[in-house]
Structures are given as structure tokens and as C-alpha cells.
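J.: Here's the letter readout for the chains.
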Amino acid sequence: MASISGNNPLSGPYSEGKELKQVCMASMTTTQHPSGAANYVEISDLTFMRGDRVIYKDVNIAIPKGKVTAIMGPSGTGKTTLLRLIGGQLKPDQGRIVVDGHNVPDLGRTELFEVRSKMGMLFQSGALFTDLSVYENVAFPLRVHTDLPEDMIRDIVLMKLQAVGLRGASHLMPSELSGGMARRAALARAIALDPELVMYDEPFAGQDPMAMGVVVQLIRLLNDALGHTSIVVSHDVQETASIADYIYVISGGEVIGQGTADEVLNSELPRVRQFMQGLPDGPVPFHFPAPSLEDDFLRGRSL
Amino acid sequence: MIDRIAALGRSGLELLEALGRSGMVLFHALWAWPNLRTTFPLLVKQIYAVGVLSMVIIVVSGLFIGMVLALQGYNILNRYGSEQALGQMVALTLLRELGPVVTALLFAGRAGSALTAEIGLMKTTEQLASMEMIGVDPLRRIVSPRFWAGAICMPTLALIFSSVGVLGAYAVGVLWLGVDGGSFWSNMQNSVEWGDDVLNGVIKSVVFGVVVTWIAVFQGYDTVPTSEGISRATTRTVVYASLAVLGLDFILTAVMFGEL
Chain S
63 MASISGNNPL
73 SGPYSEGKEL
83 KQVCMASMTT
93 TQHPSGAANY
103 VEISDLTFMR
113 GDRVIYKDVN
123 IAIPKGKVTA
133 IMGPSGTGKT
143 TLLRLIGGQL
153 KPDQGRIVVD
163 GHNVPDLGRT
173 ELFEVRSKMG
183 MLFQSGALFT
193 DLSVYENVAF
203 PLRVHTDLPE
213 DMIRDIVLMK
223 LQAVGLRGAS
233 HLMPSELSGG
243 MARRAALARA
253 IALDPELVMY
263 DEPFAGQDPM
273 AMGVVVQLIR
283 LLNDALGHTS
293 IVVSHDVQET
303 ASIADYIYVI
313 SGGEVIGQGT
323 ADEVLNSELP
333 RVRQFMQGLP
343 DGPVPFHFPA
353 PSLEDDFLRG
363 RSL
Chain R
25 MIDRIAALGR
35 SGLELLEALG
45 RSGMVLFHAL
55 WAWPNLRTTF
65 PLLVKQIYAV
75 GVLSMVIIVV
85 SGLFIGMVLA
95 LQGYNILNRY
105 GSEQALGQMV
115 ALTLLRELGP
125 VVTALLFAGR
135 AGSALTAEIG
145 LMKTTEQLAS
155 MEMIGVDPLR
165 RIVSPRFWAG
175 AICMPTLALI
185 FSSVGVLGAY
195 AVGVLWLGVD
205 GGSFWSNMQN
215 SVEWGDDVLN
225 GVIKSVVFGV
235 VVTWIAVFQG
245 YDTVPTSEGI
255 SRATTRTVVY
265 ASLAVLGLDF
275 ILTAVMFGEL
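Going down the list, the protein sequences come from chains S and R.
When we follow this note's numbering, the leftmost residue of the first sequence carries the number 63, and every step to the right adds one.
When we follow this note's numbering, the leftmost residue of the second sequence carries the number 25, and every step to the right adds one.
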């Protein structure tokens, strides 16, 4: 399994005695990635609201090309929403989301689908097409975006399924798969076209330890071998940290910390520390905003 | 008072937004006319799902309605000694009115609700979202073939309904009640005209097919992605489509036969 090492190109600027606080600033003032590497995705001054609820407020995130970038944070902070914003499925209230030089919110329908053909996304639920077999699900992107002959499609599909350990399940229908297997099949589909950007939404959820190890390695290997740019959204701190070149920690609609895995894991910033170490008490509230418990119970009693 | 006016305004805006979204869905569905190489197989598959699988209910309903029409018609016509006009009455009733309208109502209940539930469930399980992220437009891939299949199948089903209805009426009127077979068919042939009766009936069923399928695919595509949302969308499809069919039938009848 790959680990974050000192020769990580992204770790350069931070290995020269710079204070962690500088690294883990609550928000970036520029979309240029700290490593100086070219960015595949640049999010600047992003504001997104659902009704009156602020999901993101003036957020800046840069995803460097060819690296594995993790987006972490407590449940309900909008990590999946961020992936949908990058994919153009949601429109921000304000700000720019530049993917490979295209500002996604400004794209027309046709251009948007062209940009998306360079992306792959693993959905939290898998989102396999229920009327197609596992084999046909993985073959789907190849059939619609290429003119490859059938025998070549077959080879590619079997290779992708072999990578996720499901070659033997190619004939099964999605309803016959377990949750973890469905997500691995969806992973094979997401990488079928070897897209330039792969977004993984909770790739480790529901996997047994054996499959989880394979998926962890697979994300890193695919990224390195094919030169993908990867964005991994996950709660699984250790697994994600073991493969991420750079980590953003999000909470309360803002980036509360960022840096290499070591830097974020050893961060002294209270909110980052609380999340990374799984501490129940701290500045990040466990409870959704609500009136006081006492008020709620007393009001209930008086009714 | 102000709150009520504001709520009314909000409802109006929501209605306009929904109309706008449904217009966009219709535009994309019409624009994405299936081409032979890529989406034609999808159209064929949907014609089977929407049309062929609706055949049983259409044929059985047509048969019984034709039989009932013959029974009722015979009782009335017999009083005036003109039971030989039974074929004419049944054919005109089926071709002009009952064929298109009843088929459209059955189509809304059988195929329309299935389309809404299917597309709604695809939305709920993120299949539409994942298709978008693969770079495939669901309006082109999912909605358009279903829309065209509905628009093509509805007139065909209406013609089948009317034909089977006539056969049902023949069985009851001629074989059971003893109306003369020659009179039954010759009266029908003399009175039914291609332009005024058959073509107008087909035009009606095309309009109903487009409207019912449009409502069905839009309700599915626009559903709130929850189980309750799918349930409501399916109900809305049947209710809206049925009301639209009955309302449009009046307008079309007034234009075609009411000398407007």
C-alpha cells in the first residue's frame, strides 16, 4: 500500500520548517495549489446554498493534476455536494469551478457532456444500471463513447472487472450483488474509459477488510499508472490518508484544514484534530443545530 | 392576507417553473429523434415495453366495450326497427370517440404510470445522475426513446382497440342477437369515411399519445427522489393524463365535428 513519504512532491514546501498553521489555514486566498503543480480542478470563491442553509461559503480548493486529493469532513458537510458541483450536476450560487480549463457552471448542455466524458465518478450507492448485467454496466461507457470492436470491449471490461475482483460476477445482475460488490462494479465502470479525472464518493464504505485493501491500492495504482487525477471523498481516515497526496478537511461550509496526510493527521488545529482523531468533544458539533434539549422537552410536556 | 397573496404568488411561480421544465423535457425529447445507429434499438425496446405489453389490456377492453356497445345499441335501435344500423353506430362511436379516448385512458394507467415509476426510480437510485457523469444525456438516452415509443404506439393501440371492438360488436350483434351480417358490414362501409372518421380518430390518438407520454416522462424525470415522491409522481401521471385526455377530446371534437 502506498504511503505518504518525504519525497512526495507536494510535501516539498512544508518540509522546510514552515509552521503547520500556515499550511492549514482555514481558507486559501488563491486557487494556485501550494505545490505549484498544475491544477486540474480549481474552485474559487465557491458559495452554495440549499434554501437558506449555507453549504459552502467562499471556499477555495485546488486539485493538482495527476495526484490523489482527499476531501474529508464530518457527515453532512457537503462532500458529495462538492463532487456534484465539480461534475456540473449542481450550479453554485457564486464562484468558479474550473475543470481542465472549463468553468463548469458556464458550460452549455452539450459542452458539459463533453467535459463529463473525461470524468469518471463512483457514486456512494454504486448507481449501477439495474436493467444491465455487471458486464454491460462496465461496457456501457465504452459502447457510447468509442467505436471499439466487440472483442476489444470484452477484453477491457474483463480487465477492469479483474482489477476489482469481479470478473467471475460479470454475468450477474446488480440486484444479485452485495452493497460492497455493487460499489466495486461501479468502480470498474467509473474507470472503464480511463478518464482524466476520477471522483470517488465513499469508495471504502461497505467493503470488507480484504476488499477495502484492494480498493485502497487500486485507487493509488490507477492514479499512478494512468496519470489520473483523483478526488476521494471519504470518512475513513487511515485508508484515505494512506493514499492521499493532499487532504482538504471541510466543516461548517469552509475548508478548516489542508496539507499532506502527515500534516493533517498531526495538525494541532482543534477542529482538524477532532475530526482526524475521531474525538467526540470539540469545536465541531456532533448535533445538528437545535434548540436546547431542556426547551424541547419542556415544550413537549406543556402541549 | 399578505401571506396568502405571497403563497398564491409562490404557487404561480412554481407552476410556471414546472411548465418551463416540462417544456425543456419535451424540446429535448423531440430534438433527440432516435437515429438508426445509436438509439433505434432503444426505441424498439421501448415500443415493446410500452406498446406490445399494453396489447392484452387494450384487446380485452376493446372486445368488451364493443360487445357492450352492441348490446346497448341493439336495445335502442330495435325500438325503431333499425337494428341493421348497428355496425354503423358501433364503428363511428369507436373510431371517433371511444377508441382514442378509452385507449388513452388505459394507456395512461398501464404504460404512463410504468414510465413514470421507471424513470423516477432511476432518478432515486442515482442511475440518471451516473449516466450524466458518464457523459450521456439521460434526456436523449432514457426520455426520448420512451417519448417516441409512446407517441408511435398510442395510435396503433387505438386502431387495434377499435378493430377488436367492432369484432366484439359483430359477435354480440350478429352471432348472438341475430342482426343480419350483410347489413352490419355494408352499413358500416357506407357510413364510415376515411378522412372524417378514421383519420380524425388517428389524429386524436396521436395528440393523446404525445400528451400522455409527455406527462409520464416529465413526472418521472422531475420526481422528488424518494419512495413517496415516486408514488406521488405516478399518481399525478394518471390523474393529469386522464384529465388532459378528456379536456383535449372535447376541444378536438369541437374542432373536427362541431363546425368550429
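Among the hints, a few may not be true.
Stated by the list, open to error - What follows is a set of in silico ranges between Cβ atoms, one per label pair, in the way DEER data are often shown:
no.	chain 1	residue 1	chain 2	residue 2	range
1	S	Leu288	R	Ser255	54 to 60 Å
2	S	Met272	R	Val80	37 to 43 Å
3	R	Glu38	S	Arg115	18 to 24 Å
4	R	Glu41	S	Glu330	45 to 51 Å
5	S	Ala100	R	Ser255	45 to 51 Å
6	R	Phe281	S	Val206	46 to 52 Å
These are calculated hints, taken from the structure and not from any lab test.
Every residue, glycine too, gets a C-beta built ideally from N, C-alpha and C.
J.: Determine for every hint whether it applies to the structure shown.
T.: Going through the hints against the structure:
For S:Leu288 and R:Ser255, the Cβ-Cβ distance of about 44 Å falls outside the hinted range of 54 to 60 Å, so the restraint is violated. As the Cβ distance of S:Met272 to R:Val80 is approximately 49 Å, the hint placing it in 37 to 43 Å is violated. In this structure, R:Glu38 and S:Arg115 meet the distance hint of 18 to 24 Å, their C-beta atoms being roughly 20 Å apart. Between R:Glu41 and S:Glu330 the beta carbon distance is about 49 Å. The supplied range of 45 to 51 Å therefore holds.
Distance hint for S:Ala100 and R:Ser255: a CB-CB separation of about 49 Å, consistent with the stated range 45 to 51 Å. Against the hinted window of 46 to 52 Å, the Cβ-Cβ separation of R:Phe281 and S:Val206 comes to about 47 Å, which satisfies the hint.
Checked against the numbered hints above, the structure breaks hints 1, 2 and satisfies the rest.
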